[in-house]
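Take each chain as given, in its own frame, and dock them per the hints.
Taken in sequence, the protein lines are chains A and B.
First residue of the first sequence: 15, per this note's numbering; consecutive thereafter.
First residue of the second sequence: 36, per this note's numbering; consecutive thereafter.
What the hints contain is simulated information worked out from the structure, not anything from laboratory work.
Virtual Cβ for every residue (Gly too), placed ideally from N, Cα, C.
There could be a bad hint or two in this list.
[Claimed, not checked] What follows is a list of derived Cβ distance ranges for each label pair:
no.	chain 1	residue 1	chain 2	residue 2	range
1	A	E165	B	G233	27 to 33 Å
2	B	Y318	A	A150	45 to 51 Å
3	A	D111	B	K295	40 to 46 Å
4	A	D111	B	A118	52 to 58 Å
[To be verified] Straight-line distance between alpha carbons at most 20 Å, and here's what the computed EDC-like set of lysine to aspartate or glutamate pairs gives:
no.	chain 1	residue 1	chain 2	residue 2
5	A	K154	A	E165
6	A	K221	A	E165
7	B	K73	A	E176
8	A	K273	A	E251
9	B	K268	A	D125
10	A	K227	A	E159
11	A	K154	B	D81
12	A	K212	A	D125
13	A	K221	A	D158
14	B	K73	B	D272
15	B	K268	A	D127
16	A	K212	A	E251
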Amino acid sequence: MIAQIENEKGTEQAAESRNGQETVFHLRGVRYLYAGRHVALDGIDLDINRGEQVVLLGANGSGKSTLLKLLDGIIGPSEGTMKALGREVAAVAAGQDAFRFHREVGLVFQDPDIQLFSATVFDDVAFGPLQLGLSAAEVKERCDEALEQMEITHLAQRAPFELSGGEKKRAAIASVLSLRPDVILLDEPTASLDPRTKWVLVNLIRKLGEAGKTIITTTHELEIVPIIANRVVVIGEERKVLADGTPAQILNDHALLIKANLIHEHLHEVGVHHDHGHLIHDHVHGA
Amino acid sequence: MSAVSQNVEGRIGWLEKTVADIAGSIERAVFTEEHARKPGWLQRVDPRAKLGMFLVMVLAASLSNSFLALAGLYAVLLVASRASQVPFDFFVKRVWVGIPFFAGIVIVPSIFFGHAPYLFDVALGPLHIAPSIPALMSAAVFIARVGVSVSLAVLLVLTTPWADVLKGLQAFHVPQVFILLLSMTYRYIFLFFRTANGMFEARKSRMVGKTSGNEHRSWISASLTSLMSRSFKMSNDVYAAMLARGFGGQIRSYSAYRMKASDWAALAGALALSVAAWLVGRYIA
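Just chain B, with the same shape it has in the complex (with noise of 0.2 Å):
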């Protein structure tokens, strides 16, 4: 096989595994709502009460400047993730693996450009690598903060079934028409990726000799165009299957919640946390 060829078939491969990737992403979203099945703590909480817990916490760590508060919250979600059956390390690397990192890069450059104290100071001719302890101490902040944020998210996610979230913002006022269209955006995506991993797995079953790059590009245009117009047939048969149960235009929802006191007190457990965190931010630490 050429090199161009081979380059090719590379592109054509990543195309192919960023599709399988995202499909099997999606797939382990669904895989991880086994965990909101459980009988934990925060599972039997109204997911209004829980998606109103979860926005005060995330904003206390946003407006938060304390190390020592950020810390405390997320000791608080460690203490629910165990209390929620959610796995300890699973919970933990879902987060931490990726935050330092992304974080890091964002927040990298501010560390040398920050006043003294220094860590230490290195010369090299005319530049001073020289990182400001304030810098570090702001940075260790930041992606705390970052962290924390993330950690609310994914256990919110981790602990309620994606329904239940997609109900819970209608509590917030959220319009129906939105919220109808995320639910249905996330139900078709993973038929859509579904469909397009199973062309390519079809495609390479065929694939017995070599072929050039034009018939490579011309494929993957041609597949683009079938994926298009699939995706607006079965648009306009799932518009269809909506009128059939005498859909009319307005969106109505189902929902069987009530919120008990139970709900009420962790929703005021949070608010409380939240307004602790923000205080021991601006006062103490």
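Chain A on its own, in the form it takes in the complex (with noise of 0.2 Å):
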């Protein structure tokens, strides 16, 4: 197997990162249980740096987005140590500090409808630097910025439920933009979408990361991985992490890929993922 597992690092080394960047996240030993007994994360150790661009893969049900809720802080870990932005994440999901904590750290779900409860679209983009306490022109100026951003200008005044999936996609993810988080979680942010929105969000997950923010990405799309990561977590059917590596050491695993359920040999063969990875690539680098 090419890609590293990087699970035996310990506690204290953990702080330090592999190119001495800040550690922003740091989890070891990390377990999860729903209603107490069902696991959704057994044992996770990982590290993530500042200014990185992660893509956490990971087949249905293996725990994704359970590991972006407690990254979030919204969730405490049930078992193990985690720190995000070296507070405790158990302290931050019990409230404490945690207004601070979510100015600098974003969530986009993976449902849209959950993340936009307000009349408009708008009233979505501004609840988030509403509750900073900033001024109105200020909450206007980030608004304009966020929906512009994501090409949503037209749709400010609609309500939520008026729009198409791609549009309430671009909408909830302006509601994060809007907060300028220096950490930004997407949970599945292509899933179901048409090619041109999924284009417009690859690209913009792309140049965020270009802009210096630390990305972390839920998927199992492997075609998008190589344009919007520079680091790939492998979260095995196990729910624990499978591999750690860059996009080529992990696209290239086949074995892995297979283990993790993120291909099957008979539509691998077929070449399914593999060349829709090529086109997109090869039209990000002939742009």
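Next up, the structure:
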């Protein structure tokens, strides 16, 4: 297996990153159990550094979404040690310093209907900045910028239930961008989107990464991985880290991808994922 | 298919139809926001001023005993709807198709218990069917009052996006938490009915044979449980999404509205019209 497995790092060593950058997330032996008995994550060891663009790859039900909620401090680990931006995640989940934490870490949920709870798109985008206690002018400036970034300025006064799936997704991302977080967590951002909308989002994630943001994206769509990530962490069906490496290392390890249920040998032989990956990749570099 | 089974199917069909109709009504409510986005007169008025205007006019219509004053108010409403690019027949039909029937049910018995003079008097043995003319006049005023009040509400909703109506309530010191809950209810009830409708359709698509009444009932109760469970999960997720964007329990909202001279003038005009309608009812008509 080409990909590196980094589970053996010690707790103290973990504070220092591989390239000397600040460690944003530090997890050791993290388990999460739903309703106290259903294992969603089973011993995650992971460090993520500031400025990294990480993709969490995993099959359905591997615990990717739960891991993102943990990283966002919405829920705390059932077992293990977990720190985010130097704070204990369990304490953040309990409400301690949560306000300041969420200024720095933004999460885009998989289901945009969850995230868009206000009467209009503008109100949803303004929700975060308003919680920061900013002035009306600053709130407007941030909202305009986020809406423009997602190319949905014309939808500002529309009700969320009037929007298409792709528009909702863009609005949900705008509602997080308006907080201007340093760390952005995206849960399956391109799931069920048409190719044009998918391209807009992939391009945006790439640009945010180039701007120095720490971006962690969950997906099982292999074709977007090389564009949006410089590091890939594979979560196996055993709900623990199976491999950790560069996109090239992970995507070329077919045995690993099959083991993680990310490709199927029959489908892969037809070239479903691989060829699409090349098409998008060529488009990015050819642009 | 047996009669019992057909009866059960009928009841299920009724439930399915009700859910689909409610979802459709909400969708139509959304569709009507198309009028709220037109560049008409009322659409340009600040929502707070508009809410104030309509509230004083509803109060004036409710207090008025004069058919003349109510007719005058309604005439002003028709002009306002035309100036706001609301289709005339759409506005009139929306109000007057149901009002006479529902208001009539309430008022009809009183017509036959009024005093003389009577419109006619038909003796049926010991009973007399004799509609009282003063009672008929009162009934007409009552129906007109209901019609004008409902027309005011309809015109407000047609010319104001729901989000603006809610924001306008803030100016009347309605608690923020109430406004947020109302807004979120409106937001998610649509999703709820769409989900329920989807469940009915999914079941229908898999129905190939006869099912018993017991099976129908158990399916409905299982669906209700499933819907409740989904709603509960979604409410938890929505709260998590609020927390993820820094929500700390204090509700804050953005309002970019600025009252202009024209808004104050419209508010003053509505106030003057309301006072005039009340005075006409009290001293002239």
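These are the hints, each one checked on the structure:
1. A:E165 with B:G233: 27 to 33 Å: Once the Cβ atoms are compared, 30 Å apart, the range 27 to 33 Å for B:G233 and A:E165 holds.
2. B:Y318 with A:A150: 45 to 51 Å: Since B:Y318 and A:A150 have Cβ atoms about 47 Å apart, the given range 45 to 51 Å holds.
3. A:D111 with B:K295: 40 to 46 Å: 43 Å, holds
4. A:D111 with B:A118: 52 to 58 Å: 54 Å, holds
5. A:K154 with A:E165: 16 Å, holds
6. A:K221 with A:E165: Cα-Cα ~14 Å, so holds.
7. B:K73 with A:E176: Distance of about 17 Å is within 20 Å: holds.
8. A:K273 with A:E251: 8 Å, holds
9. B:K268 with A:D125: Roughly 12 Å between the alpha carbons, so the hint for B:K268 and A:D125 holds.
10. A:K227 with A:E159: 17 Å, holds
11. A:K154 with B:D81: Holds, because 19 Å separates the two Cα atoms, which is no more than 20 Å.
12. A:K212 with A:D125: It holds: about 15 Å lies between the C-alpha atoms, which stays within 20 Å.
13. A:K221 with A:D158: Roughly 18 Å between the alpha carbons, so the hint for A:K221 and A:D158 holds.
14. B:K73 with B:D272: Status violated; Cα separation ~36 Å.
15. B:K268 with A:D127: Distance ~13 Å between B:K268 and A:D127 Cα, so the pair holds.
16. A:K212 with A:E251: Roughly 26 Å between the alpha carbons, so the hint for A:K212 and A:E251 is violated.
Checked against the numbered hints given earlier, the structure breaks hints 14 and 16 and satisfies all the rest.
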